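Peer 1: Residues per chain are reported as follows:
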Amino acid sequence: MIGATPLAGYLLVAALLFAIGLAGALTRRNAILVLIGIELMLNAANLNLIAFWRYGPHPEALTGMMFAIFSIAVAAAEAAVGLGLVISIYRHTNTAELDKISRMKG
Amino acid sequence: MSPIFYILAVLTLAGGLASVTLKHLVHCALAVTVAFAGLALLFLQLDAQFAGFAQILVYIGAVVILIVFAILLTRGSDLPKEGVFSKTWPVGLLIAAAVFAVLGWAVLQSVRAVPQQAAVPAVTVRDIGIALVGRYVLPLEIVALLLTAATIGAVIVAMHEKVRSR
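From first to last, the protein sequence lines are chains A and B.
The numbering of the first sequence is my numbering, which starts it at 1 and goes up by one.
The numbering of the second sequence is my numbering, which starts it at 1001 and goes up by one.
If you're looking for bench data, these hints aren't it; they were derived computationally from the structure.
For clarity, every value in this text was computed on a predicted model and none was experimentally measured.
Glycine residues also receive a C-beta, built at the ideal position from the N, C-alpha and C atoms.
Mixed in with the good hints there might be a few duds.
Residues from chain B shown here face chain A by an in silico Cβ test under 7 Å; the list is partial [unchecked claim]:
(1) Phe1043
(2) Ala1070
(3) Leu1073
(4) Pro1121
(5) Ile1130
(6) Gly1134
(7) Pro1139
(8) Ala1150
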C-alpha cells in the first residue's frame, strides 16, 4: 500500500512525476515541451530532497532544505538559458520542432 | 497519510501528465503551472514554508512566464501537421516506464529502512537566513555568480543578430 509511511508516499509521487517528465522530454517534438519535461524532472528531485529533509534524522541541520533552494536557483538559470537557446534556434531555422533541426546531421 | 496529501499528489500528477500530453503549447504551459502549484503546496505540507514560497515565486512567477514568452515568440501555438509526438515515442515511453519501475521498486524495497514518523522540525526563516550567510555563504556566492552569468548568457544567446548569408 502506498500509504505505508509518509516518506514512501512522497518518494513515489516524486518518482511518478520524474517518469512523466522523462516521458515528455523523450516523446515530444517541440523543444519547449522538452524543457518543460526537464523542469518537471528537476522539481521531482526537489520534492525528494524536501521529503528527506523533513523525515531525516537531523532536520535542524537544514541540509536538504538548502540543497532544494540552491537547486531551484540553478533550475531557474537553466530555464532562462534553455529558452534563450530555443528562441535563437527558432530564429536560425524558423522552427522549434526537434525532428526538423537536422543541420548537424552528417 | 492525510487526505490532503492524496489531493495534492493527484493535482500535481494530473498537471504534470496534462502538460506533456496536451496538444496546444499554451495549454501545456497552463497545466505545468498547476503542477508547480501542487508541488509548492506539497512543500508546504512538508513544513518547508520557505521552499514552498520560493517555488511559487521562482516557478509560477518567473519560469512559467518565460515559457509563455518562448511559446509566443516561436509561434508554438500553431499545431504541427505531423502530430505533437516524435516518431520514436514508444521507445521514450518504454524508457520512462522502466525508470519509474526501478525507482518505485527501490522505494518500496526500502520502506522498512526509512523512518516512520518524525516530529515537525522547528525551523524558521530566520534560521535559514542565518545558515545562508553563515555555513552556506560560499554556495550562495557561487549561485549569485551563476545567476549573473546565466542572465548575461541568455541575453547574448537570444539577442537579435545581423542576418548572415546562408
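Peer 1: If a hint holds in the structure, say so; if it doesn't, say that too.
Peer 2: Hint-by-hint comparison with the structure:
Evaluation of the B/Phe1043 hint against chain A yields a held restraint, the C-beta minimum of about 6 Å falling below 7 Å. At about 4 Å, the closest approach between the beta carbon of B/Ala1070 and any beta carbon in chain A falls short of 7 Å, and the interface hint on this residue holds. Against a cut-off of 7 Å between C-beta atoms, the interface hint on B/Leu1073 holds, since the closest Cβ of chain A lies about 6 Å away. Proximity of B/Pro1121 to chain A holds as hinted, the smallest CB-CB distance being about 3 Å (cut-off 7 Å).
Among the interface hints, the one on B/Ile1130 is violated; its C-beta lies about 10 Å from the nearest C-beta in chain A, farther than the 7 Å criterion. Hint status for B/Gly1134: violated, given a least beta-carbon distance of 10 Å to chain A, over 7 Å. Because the smallest distance between the Cβ of B/Pro1139 and any Cβ of chain A comes to about 6 Å, under 7 Å, the interface hint for this residue holds. Look at B/Ala1150: its Cβ gets to within about 4 Å of chain A, closer than 7 Å, so that hint holds up.
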